[in-house]
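Residue strings, one per chain:
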Amino acid sequence: MSSNTTPSNTTPSKTTPSKTTSAKPSVQPSAKKPRPRGERGPLASVALHTTLLIASLIAVLPPLWLLVTSFKPQSEAFSTALVKDFTLGNYDHVLNDTKFLDWVVNSLFVVGLTTVIGVFISATTGYAVSRFKFPGMRPLMWLLLITQMFPVAVLIVPLYNLLASMELLNQPMGLVLTYLTIAVPFSAWMMKGYFDTIPVEIDEAGRVDGLNPFGTFWRLIMPLAKPGLAVTAFYSFITGWAEVAYASAFMTGEENLTLAGGLQTFVNQYTSDWGSLTAAAVIVAVPAAVIFGFVQRHLVSGLTAGATKS
Amino acid sequence: MAVESGPRAVEAADVTGVRGRGPRPGKNPGRLRRSLSTHWYAWAMVAPVVIVIGVIVGYPLARGVFLSTTNANEANVERTIGVNHIPATYESVGLDNYKAILDDGVFWDRLTWTVIWTVSCVALSFAIGLVLANMLNRKLKGRSFYRMALILPWAVPAFVSVFTWRLLFNEKNGVLNKVLEGGGIDAIPWLNDPTWAKISVIAVNVWLGVPFMLVAMLGGLQSIPGELYEAAEMDGASPWQRFRHVTLPGLRPVATTVVLISSIWTFNMFPVIFLLTRGGPGDATEILVTYAYRLSFVVSPRDFAGSAAWGVLILLLLSLFAVVYRRALRKQGEVW
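Those protein sequences? They're chains A and Z, same order as listed.
Numbering (numbering that gives the first Met the number 0) for the first sequence: 0 to 309.
Numbering (numbering that gives the first Met the number 0) for the second sequence: 0 to 335.
Hint data in this document are derived by calculation from the structure and do not stem from the laboratory.
For glycine and all other residues, C-beta sits at the position ideal for the given N, C-alpha and C.
Treat the hints with caution; some may be incorrect.
To be verified - Computed from the model, here is a short list of chain Z residues facing chain A with C-beta under 10 Å:
| id | residue |
| --- | --- |
| 1 | 40 |
| 2 | 71 |
| 3 | 140 |
| 4 | 142 |
| 5 | 145 |
| 6 | 174 |
| 7 | 209 |
| 8 | 264 |
| 9 | 298 |
| 10 | 301 |
With the sequences and hints as input, model every part of the structure.
Written out as structure tokens, the structure reads:
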């Protein structure tokens, strides 16, 4: 820790990069972090690390506790001890004696389909908005923005009735349609931000070579936009994976539940099967967290790109 | 070509309107034809989204507004029981629902709490995110470790986190109370006392919201040119002055956007409250959205009309907020 107190060896380097950036006409060089200013005393260093350690601890403890609890026998769920009698019984119970796997399959189906459809149509929209200037573009941007703030409460009853009349209640397709309304507007914004970072010259080259606009989009830009597409896909996936309100309202019957609804059945007013809940939650969270680890860097640039460009 | 495509064209459209800089048809018919075909493609590409939004947002929205002017509930809507089809018997009641809601104290109570909830969640997570981002933006040992640890809550699906917090908050056996007990402090009824329940839901939502703020702020900090800090230092600015006059203005574009987005998200934050307290105890932690949900899916008979009216009011409030917010930004010379 004490090595942090001597950042002086970095000071000489701080003057050089500014020359290279001053050559750029733009006032906004991309992703350049400010270099450390001055010296930091040992006391400041300790304070900095202490604060960060405490914050990290608060951030990490609940998921960690979930993991620990899932390995405890049902009767010990609330003991404060770390694992005393390590057991995989909860996992065994969840996987073999409950409908958990059904819920996983339901969720995967709903979310997977939402992701594929959502990414495709938000990519075409994002591309159109990024590259073309067409009548109706600004209203569309507004529409996408406004749709994001629609509360669940406005739409849920009419959607419920609409799905009921189309006999889509309790059907995965009904949820897919619903989730598209949540995922697409935001995804389209993110895709626009990403397409904006791809040089227009590439489109122009494609056109010169005789591709039509859709050909340019599909054969040149989509392959280049893979990172952006990955982020958008991830966002759609997470949105559907973690959605609670629609899933609770539209899906009934134990086999039809998605994960968010299914896990609620473990712990409600009448039962509290914390062992199963924690084991199931861990199974749900681990893949999401791993994928998240891969895409989180891009996620942010995607989120803020639209904002900082304006 | 450059006129019709690319980000520059988008900016131009902002200023001059959609048609303002279009090709001059009289001079160059070839360009006109090309622009028409361009528009055709653009429209074809956005059509799926427009259709999706139109069908599953536009139609339900229109119907929601319509329902809110009727007395529809579970007992009188169109339904099928077995083989019998029962037609709808609800009728229009004009604006009675709205009048009833606005005259009733429940709405104002819920609105007050929702505003408190939104403001405190956004303010706290913004402040914490800003502080942590500034700390992480220095040269620091173990920076990537801290970074990963701090954004972990974001990686876990929200409903899983909320269940975990319920486990921690458990009054008799939860870890938090066990720890307090160890320190000789009486157990706190985290989710069973109105005041503590409010504090608890805010705490959980802040815990969930900080990673997003942190990461957005980090991105914002890294887009501030280093020369600005050098210049400020040359002029003898203290660290606080540099933070106040370089960092904060530099963060504004990102900050205004994330504050707007997260305000709207928090205002509509359904899962945290629904799964943590179900709005309880009583309706102490019920925000507008969860209350409207309760009206149509929890209480019996389900009050579809009332719920729709609540929904429309929520939407109006949010639109008002967005408009006021945007005005305020514009007054300060912000483009968005």
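Here is what the structure says about each hint:
A least Cβ separation of about 4 Å between residue 40 of chain Z and chain A falls short of the 10 Å threshold, and the interface hint therefore holds. Here the hint on residue 71 of chain Z is kept, as its CB sits about 9 Å from the closest CB of chain A, short of 10 Å. Because the smallest distance between the Cβ of residue 140 of chain Z and any Cβ of chain A comes to about 5 Å, under 10 Å, the interface hint for this residue holds. Checking residue 142 of chain Z against chain A: minimum C-beta separation of about 9 Å stays under 10 Å; hint holds.
Nearest Cβ of chain A to the Cβ of residue 145 of chain Z: about 5 Å, under the 10 Å cut. The hint holds. Proximity of residue 174 of chain Z to chain A holds as hinted, the smallest CB-CB distance being about 6 Å (cut-off 10 Å). The beta carbon of residue 209 of chain Z comes within 8 Å of a beta carbon in chain A, closer than 10 Å, and the hint placing it at the interface holds. The closest approach between the C-beta of residue 264 of chain Z and any C-beta of chain A is roughly 9 Å, which is under the 10 Å cut-off, so the hint is satisfied.
Of the supplied interface hints, the one on residue 298 of chain Z is violated, with its beta-carbon coming no nearer than about 13 Å to a beta-carbon of chain A, more than 10 Å. A cut of 10 Å between beta carbons decides the hint on residue 301 of chain Z: the least distance to chain A is about 9 Å, and the hint holds.
In terms of the numbered hints stated before, the structure departs from hint 9 and from no other.
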